[in-house]
Every structure is written in structure tokens, then in C-alpha cells.
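Protein chains: 2
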Amino acid sequence: MAKLVALYKKPADAAAFDAHYHATHVPLAKTIAGLRRYEVSSGPVMTPQGESPLHLAAILSFDSLAALQAAMASPQGQATAADLANFAQAGVDLLIFDSKEV
Amino acid sequence: MAKLVALYKKPADAAAFDAHYHATHVPLAKTIAGLRRYEVSSGPVMTPQGESPLHLAAILSFDSLAALQAAMASPQGQATAADLANFAQAGVDLLIFDSKEV
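Protein chains in written order, with the working numbering: chain A, 1 to 102; chain B, 1 to 102.
Chain A extracted, bound-state conformation (with noise of 0.2 Å):
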């Protein structure tokens, strides 16, 4: 499967990131055609030495990378991608490739 990876810095207000994600982002997401699985960190995000500087990261599967592709070129994916600009100050890295279980 193709993936997005979403990597989230630590922002200022973590309540409000919180908030904005789960009831304006994940909803929004949900909307991309093609999306199969879409799974977000729950708790802290860390790393093996301790803390990390990420506050939250999601994986979002796709059958392929066409299909991830044209989810992120579809008004729906350009309306989550634009969301960012809204909770996502502090920086997010995204990350896309096809994967494959081994």
C-alpha cells in the first residue's frame, strides 16, 4: 500500500491542536476518496532515548501510489492539505511512498 505519513511538531497550544484535529482535520480527511486506512497516534510520540519533537503523527494508507496521488490532487485532499495552514504553525513534514509488507 501507498502511504502519507503526517509528522506534527509540538505546537504552542496542544489543547487546540487537539481540538481543531480530531473535530475539523480527521473529518475532513475522511472525505479523500480512496483513503483505506487512517490510523493516528494516541498519546505521546516518542522516541527509544525518551521525548521526541513531534506531538502527533498519522498514517494514511492508499491501494497505490496513483491512487494516493490523485486523493491529494482531489478537491478533498486539497481542502485537508489546506487545513493544515490552520492548526499545523509550529510544522508538519508529510512523507509518501509505496510500501509493501515484508
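Please keep in mind that the hints were generated in silico from the structure rather than gathered at the bench. Quantities reported herein were computed from a predicted structural model and do not represent experimental measurements. Among the clues, some could well be false.
[What the hints assert, rightly or not] Which stretches of chain B does chain A cover? Using the computed rule of at least three CB atoms under 8 Å from a CB of chain A, they are:
{"id": "1", "stretch": "1–7"}
{"id": "2", "stretch": "12–18"}
{"id": "3", "stretch": "28–41"}
{"id": "4", "stretch": "68–77"}
{"id": "5", "stretch": "81–95"}
[To be verified] No more than 16 Å apart at the CA atoms, straight line, and that leaves these computed lysine to aspartate or glutamate pairs for EDC-like:
{"id": "6", "chain 1": "B", "residue 1": "10", "chain 2": "B", "residue 2": "93"}
{"id": "7", "chain 1": "B", "residue 1": "30", "chain 2": "A", "residue 2": "101"}
{"id": "8", "chain 1": "A", "residue 1": "30", "chain 2": "B", "residue 2": "101"}
{"id": "9", "chain 1": "B", "residue 1": "100", "chain 2": "A", "residue 2": "39"}
{"id": "10", "chain 1": "B", "residue 1": "9", "chain 2": "B", "residue 2": "101"}
{"id": "11", "chain 1": "A", "residue 1": "100", "chain 2": "B", "residue 2": "93"}
{"id": "12", "chain 1": "A", "residue 1": "10", "chain 2": "A", "residue 2": "63"}
{"id": "13", "chain 1": "A", "residue 1": "9", "chain 2": "B", "residue 2": "93"}
{"id": "14", "chain 1": "B", "residue 1": "10", "chain 2": "B", "residue 2": "63"}
{"id": "15", "chain 1": "B", "residue 1": "100", "chain 2": "A", "residue 2": "83"}
{"id": "16", "chain 1": "A", "residue 1": "100", "chain 2": "A", "residue 2": "63"}
{"id": "17", "chain 1": "B", "residue 1": "9", "chain 2": "B", "residue 2": "63"}
{"id": "18", "chain 1": "A", "residue 1": "100", "chain 2": "B", "residue 2": "18"}
{"id": "19", "chain 1": "B", "residue 1": "9", "chain 2": "A", "residue 2": "39"}
{"id": "20", "chain 1": "B", "residue 1": "100", "chain 2": "B", "residue 2": "63"}
Beta carbons: idealized from backbone N, C-alpha and C, even for Gly.
Chain A is already provided as a structure; the job is to place chain B on it using the hints.
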């Protein structure tokens, strides 16, 4: 499910990295008890803007954070972590978090 996400920076010798990763690291990691799913990027790891600083991404899934932590502490987990020194000299970020499907 709990996730271990490994983000490998671009190595000096990509072919040597890939050979070691697939012939040695994957089989080692697959000896870890409790590993439920092991997905590895196939092809480039990109960003929406184009190239990323990453060569490879892996997502390992476990039933729970407790299972993931027990796996990392096990002899097989420790051997897998120790193997990173053999091919991930360019750097790897490991992220650990519990997750839920939304």
C-alpha cells in the same frame, strides 16, 4: 496498534544499504516476537514538494505499546537495534507511539 516508525536518511552507498537491509536487517527484525505487520517503503520516499532527505521508511506494528516495548527489550529486539550500526551510519530516526484507527 502501536507503531515503530524508522526513518533512514540517505546513505553514502544506497546499494550497500539496500543489500544489508533486505538480506540481514529484515530477517533479524522478523524474529521479534509480537511483530504483527512490517511495511517497508518501496521506491523513493518523497514529500509533496519532491525529494526528501530519506532513503527508506519502515512501519512496524504491534498489538500494544507494552508489546512493542517488550519486543524492543527482548534479545531479538536488541540484536535488531544493534544491527543499525552496520548500515544506518547516515542516521535513522525511530518514532514510537500507540495509534488508533480513526
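Verification of the supplied hints:
no. : hint            : verdict
1   : 1–7             : holds (count 4)
2   : 12–18           : violated (count 0)
3   : 28–41           : holds (count 6)
4   : 68–77           : violated (count 1)
5   : 81–95           : holds (count 4)
6   : 10(B) to 93(B)  : holds, 12 Å
7   : 30(B) to 101(A) : holds, 11 Å
8   : 30(A) to 101(B) : holds, 11 Å
9   : 100(B) to 39(A) : holds, 5 Å
10  : 9(B) to 101(B)  : violated, 28 Å
11  : 100(A) to 93(B) : violated, 20 Å
12  : 10(A) to 63(A)  : violated, 30 Å
13  : 9(A) to 93(B)   : holds, 14 Å
14  : 10(B) to 63(B)  : violated, 30 Å
15  : 100(B) to 83(A) : violated, 22 Å
16  : 100(A) to 63(A) : holds, 11 Å
17  : 9(B) to 63(B)   : violated, 27 Å
18  : 100(A) to 18(B) : holds, 15 Å
19  : 9(B) to 39(A)   : violated, 24 Å
20  : 100(B) to 63(B) : holds, 11 Å
Taken one by one, the earlier hints fail for this structure at numbers 2, 4, 10, 11, 12, 14, 15, 17 and 19, listed in ascending order.
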